[in-house]
Structures are given as C-alpha cells and as structure tokens.
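Protein sequence lines, in the order shown, are assigned to chains A and B. Residue 96 is where the first sequence starts when you use the working numbering, and the numbers rise one by one after that. Residue 6 is where the second sequence starts when you use the working numbering, and the numbers rise one by one after that.
Please note that a few of the clues may not be correct.
Claimed, not checked - Here are some chain A residues the structure puts well away from chain B; computed CB gaps all over 12 Å: (1) Lys-121; (2) Ala-178; (3) Thr-209; (4) Ser-210; (5) Ala-217; (6) Ala-220; (7) Ala-242; (8) Asp-245; (9) Met-267; (10) Asp-285; (11) Phe-312; (12) Pro-339.
To be verified - FRET-style restraints, in silico, Cβ to Cβ: (13) Thr-186(B) <-> Glu-198(A): 54 to 60 Å; (14) Trp-319(A) <-> Thr-186(B): 25 to 31 Å; (15) Pro-118(A) <-> Phe-262(B): 54 to 60 Å; (16) Glu-198(A) <-> Gln-407(B): 37 to 43 Å; (17) Arg-207(A) <-> Gln-407(B): 44 to 50 Å.
For the record, the hints were derived by calculation from the structure and aren't laboratory data. Don't be surprised by glycine CBs; every beta carbon is placed ideally from N, CA and C.
Take a look at the letters that make up each chain.
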Amino acid sequence: MTTTIDDAEIAKFQAMADAWWDPNGKFKPLHMLNPCRLDYITRQIAAEFGRDLSDPRPFAGLRLLDIGCGGGLLSEPMARLGADVVGADAAERNIPVARLHAEQSGLDIDYRHTSAEALAEAGEAFDVILNMEVVEHVASPPAYLRACHDLLKPGGLMVCSTLNRNAKSFAMAIVGAEHVMRWLPKGTHDWRKFITPDELFDLLTGAGLTPVDKTGFVFNPLGWSWSLSERDLSVNYVTTSLRPEAPAQL
Amino acid sequence: MKTDSDLIIVGGGLNGPALALAAADAGLTVTLIDREANPRQAGENPRAYALAHGSVNVLRATGVWSRTGDGQQPILGVRASDGRAGEGASPLALILDSGELEEGPFGAMVEDAVLRRALWETIDAAEGIEVITGVEISSQSTDGSRATVTLADGRTLSSALLVGADGGKSGVASRAKISRTGWRYRQMALVATISHERDHEGIAHQFFMPGGPLAILPLTGRRSAIVWSEAEGIAKHFASLDDPGFLAALRPRVGGFLGELSIEGARAAFPLALSLANRIVEPRLALVGEAAQSVHPIAGQGLNQGLRDVATLVEVIAEARRRGEDIGAADVLERHRRWRSFDRAALATATDAFVRLFSNDDPFLRAFRDLGMEAVTRVPGLRRAVMREAAGLSGDRPRLMQGLSA
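Next up, chain A with everything else stripped away, as it sits in the complex (with noise of 0.2 Å):
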C-alpha cells in the first residue's frame, strides 16, 4: 500500500480499526450477528456457484463487491475463503481503516470510497454482492437496487439484509437497540425507513432481479446469540437474489 498519510493520521486509523475488530467494542452487535450473517451468506454463495466450504479457498475465481463494508467485516472473510473482493463505503473515514487492517491480516482487498451507483456507471461487474443492512440507509431504494442490478453479471447473486418495519423492530431496533442497550448510535436508523419483506421482493423484482430466499435473523436472548430463521423475519431478515441469465425479454 502506497500511501501519504502521516504517522498521526496512521495511529487514528489503528486506534479505529481496533474499534471496528474489537469483538466487545462498540461494534459488538455487529461482530455478535456476524457469524449467523456469514453462515447464510457462505451458504447461498456455495450453493449458487457449486462450492465446497471445506476446500481451503472455495470462493476462488468469484469478484465479490461488499457495498457498505466498514471496517471489513465481511470481506475480510470473503477473502479469506478467496473470492476477489472490492470492498465500498460511502463514509470515507472507514476506507484507510479497513485497509491497514487486511494488510494487517495478510489479505489483498480492494477498498474504495464510493458508491454502488458510481460503479456501475464505470461498468464494473462482479459474481455476488453484499448488501447488508444498507438499503434502509438509501434516499432512493429502487435506484439504488438498480444500480446493483446492474453490477450484477448475468446468473450472479446478490445478499440483501435489511430491518422489518412493524411493532416489533421499532421497539427491538430503534428503543431496545439504540435507547436501552446503547448498542448503536441514536438516530442510527429511521424506522419509517425500514422495508417489510414483501416490499423488498416488490423492490428487487422491480429492479430486474429475480428473489430465491428470505430467512430471518433471530436473537436469542438466553444465548445471547443470534440464528437463522426461516419462519421469524420479524425483526432483521436476509434476502438472496439472482440476475437473470437472460435479459428480460419485453
């Protein structure tokens, strides 16, 4: 990594990158779903694409954009299982962060402060995207779901997680994970904002993409952990779909 950035700016990047990987840190919620989110994902990608998770490198040969990457959480074990991944974020405070922290880990990724729609007008194509918990985030939901329709090749696949909008997720989101554990920020998220599950598929299928999965995020409160669901999308739910093969005849 060639770089100009001075050894001050250096140790800021290093104090928030220990921030970002500290599992107990105040992204703990984060690295708390992160094994149930990396299930499904490593799941839906290894079936689309015929992959077996045992071998050392089953992602080899796949280009995987994480759209909202932080810190790396997700591409750095998108990495490590050998997909070639670009790594975007729009806030771009995080990008020198998740840098220094795959060198770090030894891994070659491709961080980028930009955007999907920015991609896709520079023609950029990838096998899979992630796109978890972004979409309640966006000004425009169906521009942006195009935009990553679009940066899709033709048969790839795309992850998509968001917040269910009902009684439920605002008081388990919004008062229970903002106000009462202080897990995120307050004002972390709008709650009008949320999607219900139908309105995504509706998003998606709007977009030109074809849903084959939506499965929920569960908490469970006594393990203080969470799991995946195929019945419980009440609160956080996952979604897979795929880019038609064949563009859409008219």
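Let chain A serve as the given structure and place chain B on it in line with the hints.
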C-alpha cells in the same frame, strides 16, 4: 501477513497429536512441535487410560483407533464398592453393566505405549502436518494478526493460532503469563501393571479404601492396571518397596478374585493434585489437555477431558474457517471457552467432592456412600444416567465425540 501454518501445536504427548490429526482432517495446516527428539517413544510408562466412549469416537474419527489394534480392552462393566484391607469388598456395591447402554461398552482401556505409537503412526502417515522435534521454544508472542514462536535453533514460525498441549507445567501458558489455581491432596497414586491367574472378564473395579480408592482396570490378556491412591507418607513407603514387598501390600487389598498376582514392568507414583489454568484462551492462544486442567486421576477423566478439549476446539475453529473467520480471533476462541467452561467447573467440583467423600474412613460417610452406590444400582433410571456420564455420553457433546466429522 501470511502465516506458516493455520495452527502451531506445542506438545507431542497425547492431546497434541490428537488435535493435530483432527485439525488436519478439517483442512487446516498444522505445525506440531515437541522438545523430545523422539516423542514416539516416551520411555517405559506404566500408565493406562480408561477411554470413555466419546474419546474412542474421537480416536476413531482421526484414524488412530484402528492402529491400536489388539491393544484395546473393552470395559464391559464397572463395579464400585467400599473395601478395607483384608476384609474384601463391601456387599453393598455399585454395579454397572454396559449391556444396558445401546452404545455398547463403556469405553476401552488402552496402555500409554500402545496409544502413543498409534497416534504417531497416524501423524507420520497424515498430510498437512509438519513435525518439529528435539527443539525447545525460546520465545513466543502474539499480535492482532498472528502468533509467532521462536525456536532455540533460531527458526521463527507463525500461525493464526498457537495451542499449548504441553502438560501441567505448560511453557506456552507460562510464557503467556497465564497462572494456575489448584491444590494438592496429600495423596499419591501408585501405578502398576499386574498379571493375574484368573480372567477379569472386562470388569473395571473401584474399591474405596480408607486411604483412597484402588482401581483395578482390565488390560488385554490376563493383565490389569492398578491405580492405588494412598496418603502421601504411606504411598511413599509402598513406592519404595521392591516388587515382592509391594505385592505383599497390594494382595490383601485386591482380595482373591483374580487368583495369583505378579508385577509386570516398571511401577510409578504420582502426587495427586487438581490444577486449572486461570484462562484457557487468549487472542491467538488456546490451552488443551493438562495445560488447561490436570485432575486427580481418581475418576480416570484426565485424558477424556483432554480429548473433549480437542474435539471442541477443532469443531469451533473448523466452523469458523468455513465461514471465513480468523480462527485465532478473540470472539472465535471465546466460543470454545464458553463451551468448555461448564465442564471444567463441574469436573473440578466433582473431583474434589469425590476425593473428600471417598478417601475417608468416617463410619457415617462409609454408610452414606454404600447406600448411595446401592441406590444407583437398584434404580434403573439413575443407574443409566450415571453410566452415560461415565461413558462420556452426556452433555452438549462436540461432533467428533459423537463419531461425526468436525
């Protein structure tokens, strides 16, 4: 930084090689380091292990068990009773018959030399394991991305995770400044192999004598392993006797059910102690086997607990690896710690209570334990629960212990 291997394991005894094999089977690359020039032959060691059913499953899954060949003696029954020298066993006894367990025998007895040879033969035939022997470790360090070990010959090795399987005086633990909690019991275990006139019929006997328990555990042929616990002073006296003198002291305690007895090979004596590492994981570091917990051998749980450490750790890191997680990261290793913590606490408490209850000649305690053992024998549900616990079939078992791959 790239690392030289996924895992560096220090310690070529029993748990280290078992972990190396299980990890290699799960697709991880392993470096196994032992200070002995040839850990395949650790000298004459009269110890034998009562391997629980789950432990046998771990050895079977890693391809070790088939190499123990005709060195396996199945444990077909367990008989535990109170006894006093010259009086023979109390008629009130705990009798467990493996015919009541659908999984078959409780487990198996196997001698140290047989198990060690089988483990190392399997290691030598395995792929993905680099073996470095006959060299000390001069230093170790860990950082956010790897563990690094420097050998006395100047070589430096790195891995995502460093595992100490180097015994109760673990160098890996002490270099990481992990302290231990424990105590001694002012008892010693006298260990010997006897051959005898009559067949043992695969029954393991435990006599609770005033000075401590005497275990007579079946080995192949007409041979048994003796683990005889006594108060320190008396034990030292018996240990100092020649074979005929030792036998003269042992004979009235065993009684006559095995016929004539004779001593085979070397005898040994071990102080009895319970010692637990205060932490079993740190970022990039884990302790297994006696490095994590060494227990009074009274219940035969030392190696069984070690193999449970192995099976749990391999399952946790194999799963993490399939997800693309960093196998040495604190949150990954925390899953191993949490899974093992209940077992470790239960084991320490139970072992301690067991010693205090059973190494005692108080008439009230004697009556209490006789009645307790009789109750377990008479009540089928309770008896099966005790048997499943003894055979290592209870609790949230790691997949390797269930005979599945990690």
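Hint by hint, here is what the structure shows:
no., hint, result
1, Lys-121, "holds (14 Å)"
2, Ala-178, "violated (9 Å)"
3, Thr-209, "holds (23 Å)"
4, Ser-210, "holds (25 Å)"
5, Ala-217, "holds (27 Å)"
6, Ala-220, "holds (22 Å)"
7, Ala-242, "holds (26 Å)"
8, Asp-245, "holds (27 Å)"
9, Met-267, "holds (22 Å)"
10, Asp-285, "holds (29 Å)"
11, Phe-312, "holds (15 Å)"
12, Pro-339, "holds (28 Å)"
13, Thr-186(B) <-> Glu-198(A): 54 to 60 Å, "violated (40 Å)"
14, Trp-319(A) <-> Thr-186(B): 25 to 31 Å, "holds (26 Å)"
15, Pro-118(A) <-> Phe-262(B): 54 to 60 Å, "holds (57 Å)"
16, Glu-198(A) <-> Gln-407(B): 37 to 43 Å, "holds (41 Å)"
17, Arg-207(A) <-> Gln-407(B): 44 to 50 Å, "holds (46 Å)"
Figure legend: structure checked against the earlier numbered hints; hints not met, in rising order: 2 and 13.
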